[in-house]
Amino acid sequence: MIKVNVDGRAIEVGEGQSLLAVCLQQGIFIPHLCFLEGMPESPASCRLCFVDIQGEPAPVASCKVPPWDGMVVRTDTERVRRLQKSALRLLLSVHHVDCRNCPSNKKCVLQDLAKFLGVPLKSKKLEHLQREIGVELDHPLFQFVPERCVLCEKCIAVCRQHNDFSLLTFAKRGFNTVVTCFEKDPDRLPCSDCRACVEICPVSAIFLKNEAAEACLDQPPPFPDSP
Amino acid sequence: MKQANSDVLERFRTLIRQARQTVQESKEPGKPHIYIGMATCGLAAGATETKQAFEETLAERGIEARIIPVGCIGHCYGEPLVVIENPGFPAICYHKVTAGKAGALVRAFLEEGDPLFEYVLGALEENDLIPTVMDFPRFNLERRVVMADCGALDPENIDQYLAGGGYESLLKALEMTPEEVIQEIIDSGLRGRGGAGFPTGRKWQAARSADGSRKTVICNADEGDPGAYMDRTILESNPHQLLEGLAVCAYAVEAENAVIYVRAEYPLAVKMIRRAIDQAGQAGLLGAHILGTRFSLSVSVFEGSGAFVCGEETALIQSLEGKRGMPQHRPPYPVHKGLWQQPTVINNVKTLSSVPTIVKKGAAWYRQIGTQSSPGTAIFSVVGKVVHPGLVEIPMGTTLGRLIFEICGGIPNRKKFKAVQIGGPSGGCLPESFMDTPVDFDSLTQAGAMMGSGGMVVMDEDSCLVNVARFFIDFTQNESCGKCTFCRIGTRHILNILERITKGEGKEGDLETLRELSQDIKTASLCGLGKTAPNPILTSLEYFREEYQAHIREKRCPAMMCRALTAFYIDLDKCARGCDACVGSCPVDAIFTTKGRKKAIDQELCVKCGECMVACPTEYDAVGKVSPSELAPVIERPQEKAS
Amino acid sequence: MLKDIDEMLLTSEKKRENLIPILQRIQQRHAYLSPDAMKLVALHLGISSSEVYGVATFYNQFRFHPPGKHQIKVCLGTACHVVGGDIILENFERKLGIKDGETTPDREFSIERVACVGCCALAPVAVVDDVVQACMAPSKVEGILLGFDIERERDEREKQESEASQ
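Chains as they are written, first to last, in the numbering used here: chain A, 5 to 231; chain B, 875 to 1517; chain C, 252 to 417.
Hints listed in this document are in silico derivations from the structure and should not be mistaken for laboratory results. One should not assume that every hint holds.
Claimed, not checked - Label pairs and their calculated CB-CB ranges: (1) C/Leu253 x B/Arg981: 31 to 37 Å; (2) A/Pro44 x B/Ser1170: 40 to 46 Å; (3) A/Arg13 x C/Glu264: 53 to 59 Å; (4) A/Arg83 x B/Lys1381: 53 to 59 Å; (5) A/Ile137 x B/Glu1053: 52 to 58 Å; (6) A/Lys129 x B/Trp1214: 31 to 37 Å; (7) B/Glu1379 x C/Gly352: 50 to 56 Å; (8) C/Leu261 x B/Gln1156: 54 to 60 Å; (9) B/Trp1214 x A/Val76: 17 to 23 Å; (10) C/Lys391 x A/Pro44: 51 to 57 Å; (11) A/Gly122 x B/Ser1083: 25 to 31 Å.
Where is the CB? At the ideal position from N, CA and C, for every residue including glycine.
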């Protein structure tokens, strides 16, 4: 067994898991968004799961670090929290914050993180930015709400797991990256009863269209913010 | 195990003998030889027309001479460059040879023996008649190792490379064990020229000792930095040197596959390297059983599709595998798990092109050049406001001041030096106080810039650092892959703030937000692109803070470059009645005639392109520029007469 | 077009790593990637068409609409920026009445911005139909476009004359 010390607590762990996974199992919360239990590789893209490891010059993403014997970890140092708050503020600055009309209200990962880190959902520090979508989102089966999407990649990962290849994809690049599906012919999509992407989405950014009504999507969300 | 034996040696000797003979035969003694630089820069400056003019005039005058297209020597300020070997004269280099000058040279020099001194840049060899190019600092302070033969060879002709000692290093490497080759590279202290300066020998060693059955060597020629083009020049001007280095590397790490990843935006470079691979394959220097040994290497070319981030090695690998070029977390490093999860060495063009000379002349020789921690030479593309822009190869450790003011001739038009941006979008802007800084990996990083791609943009007093910082962040945020939060969203916020500032809409507190965000992006981004993207902001904030403040507090751009804060006006005291020079130059018809039959600018229509300032005859010099724009005098347009 | 792509695909191996070279070849021959072309490629390589689309939209090189007959690429690299590359771009945009990334309604011209063609010492630079134009100025923009106008008029006149003579 590998012995690791996290925030002064000694824990024993087996091999083959990341530090983040181990901590979460032991009930030590580290903010995270793109990490998906059971997936072979974490994309390490959300940049939330930073921890300080003794001997490392800067905070590291715990989803990419295998625990080693004698590792000494702190999850709540000032610089770790600074980066986590900064990352969350950035994510919120492009998120359409309209919780009352969002199906994820009260079970939303962003709300949880904001509470944990003490970051207001509508930060005054950064302006709100809107993406240029520029990609055909109109789709017979899917309803995408890119203004909510945090690009955690979970929907793409579970789709790949269920279908061997992914019907969902990132399109475009950089700031304008969106999740979309290119195949427009419903007959060629094996989507009828697989709702994996819908269920995994932590922010209600993707629906199957026939379920859109119950998801309060009769009208596309107003943008920019209505008061 | 060593690969070379007497058969191999004999085979190689035959090859060299044949090449020398071919080169010898192609030279026609007694006839003039005209070498024209025909790489991308030369072509852009009109080398095709120059060549045509030579051909036509030669035919017209009935003079027999040979025209040989060659690569680029990196003296871009002088393009199109032509070297003429006329029997009875030293070889002479001419610069800015337009079609007209080409015709004149044939008539005067080839026909009548007058070398036309006014067009001469310098002779290439010592003589009593003409000063040599080595009398100029642009030549004699350079030290050419990697680019030694660029512009002297026909890149489409392997025989020329072979006749000059080419592929001898590959032979020498085959006479050594792979371990010995790696040791030689380690001893030479060669560091990766891609930017970060990782020791090349150690990278090779790691890949060699890594487990894997299908190792690959990748040459990274995805030169994406806007402002650097040395990799392109090397590919276009001396592709075989690169292939030789690639082969030595593959032999050392025991790889049988090599890929050259070139930008698709470099069509000529792609063509040249493809041709070189074919020729080397035919000569038995690449492909199966090189020179009859058991070492085989297949080399392919992959054209990058335009994504700066693919210069990052993990993203480059994703792209080669046919995926979106998104960087991956390191470790694992590509030397352990790279292309198809196999050990992969990724080296830059300049790194691999340095290898043949190191193997040939030895590690000790290489260490004499440069500094203790950064041996060898550095290649910079010095552009912007300098007298002699172009590619410069200098020993590491040369000071910035010497590079900019002595070698590149300083700032033109008696303007003042303001800053130099080193290392492209990932580098930093350094002010005059850094002119004594030696150019090497560690000193530049310490100064807040970095060696990066070797792009160097010199700026004079007319360049606005806020504007330039905005330019770089605009570039990086455009090229961000969008994977990680900090780079994807953070750089966009920085861009927005800088855009506001350059438009005069900056707020108090913006600079603090800029600094904090930049630091977070630098620490927390996933890959090198994000981690280095804030460097131009952080350095310019540190060294040119007043300039930011002038934009925010006074709505003034001190360099008068930010167009929203600047206005052009015509000084009525200087403007000459009846002169119409500016009117025709204006692309938007913003210039009108005043009641006093002088000219004035309609500020509403003006797009601030500065053409009128260029067009105004120097004896009047009536067009001026002010910032903030409200300072421009308001002159009413006379009412149009009813027609 | 689809038939041609089908034939072309027969000659390329069904390997994922060939995706980008295949897309490059299609674009080289047909100037852009149509949705149907991307679906054919997906079918050939046995991957989802979404994946092909995702890869294609990642890279600057690929276009999804047919470009103009004459392609104007304005370099906005560092050296060009410092000497006013954006002014050159604006001039092309103004003269042609389109923005970068767009094509004129008559499909004659399209404008793209590129991030450095590597001719920094000759800045500002534009690439017009694969010919690098060095040391650009607003007046040169006008000259280049005028050249195309003259060429077009001449072509039309010749066409009319040849029709008349028949």
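Against the structure, the hints:
For C/Leu253 paired with B/Arg981, a C-beta distance near 58 Å fails the hint of 31 to 37 Å. Here the CB-CB span from A/Pro44 to B/Ser1170 is close to 34 Å, at odds with the stated 40 to 46 Å. Taking 53 to 59 Å as the suggested C-beta distance range, the pair A/Arg13 and C/Glu264 conforms, at roughly 54 Å. Separation of A/Arg83 from B/Lys1381 is about 27 Å and departs from the stated range, judged on CB atoms against 53 to 59 Å.
Checked against the given bound of 52 to 58 Å, the beta carbons of A/Ile137 and B/Glu1053, roughly 55 Å apart, stay inside it. Taking the beta carbon of each, A/Lys129 and B/Trp1214 are about 44 Å apart, not inside 31 to 37 Å as hinted. Checking the proposed 50 to 56 Å range against B/Glu1379 and C/Gly352 shows it is violated: the Cβ atoms sit about 26 Å from each other. The hint said 54 to 60 Å for the Cβ distance between C/Leu261 and B/Gln1156, and at roughly 28 Å that hint is violated.
Range check, B/Trp1214 to A/Val76: Cβ separation about 37 Å, and the 17 to 23 Å hint is violated. At roughly 56 Å, the beta-carbon separation of C/Lys391 and A/Pro44 lies within the given 51 to 57 Å, and the hint holds. At roughly 48 Å, the beta carbons of A/Gly122 and B/Ser1083 sit outside the given window of 25 to 31 Å.
Of the numbered hints listed earlier, those contradicted by the structure are 1, 2, 4, 6, 7, 8, 9, 11.
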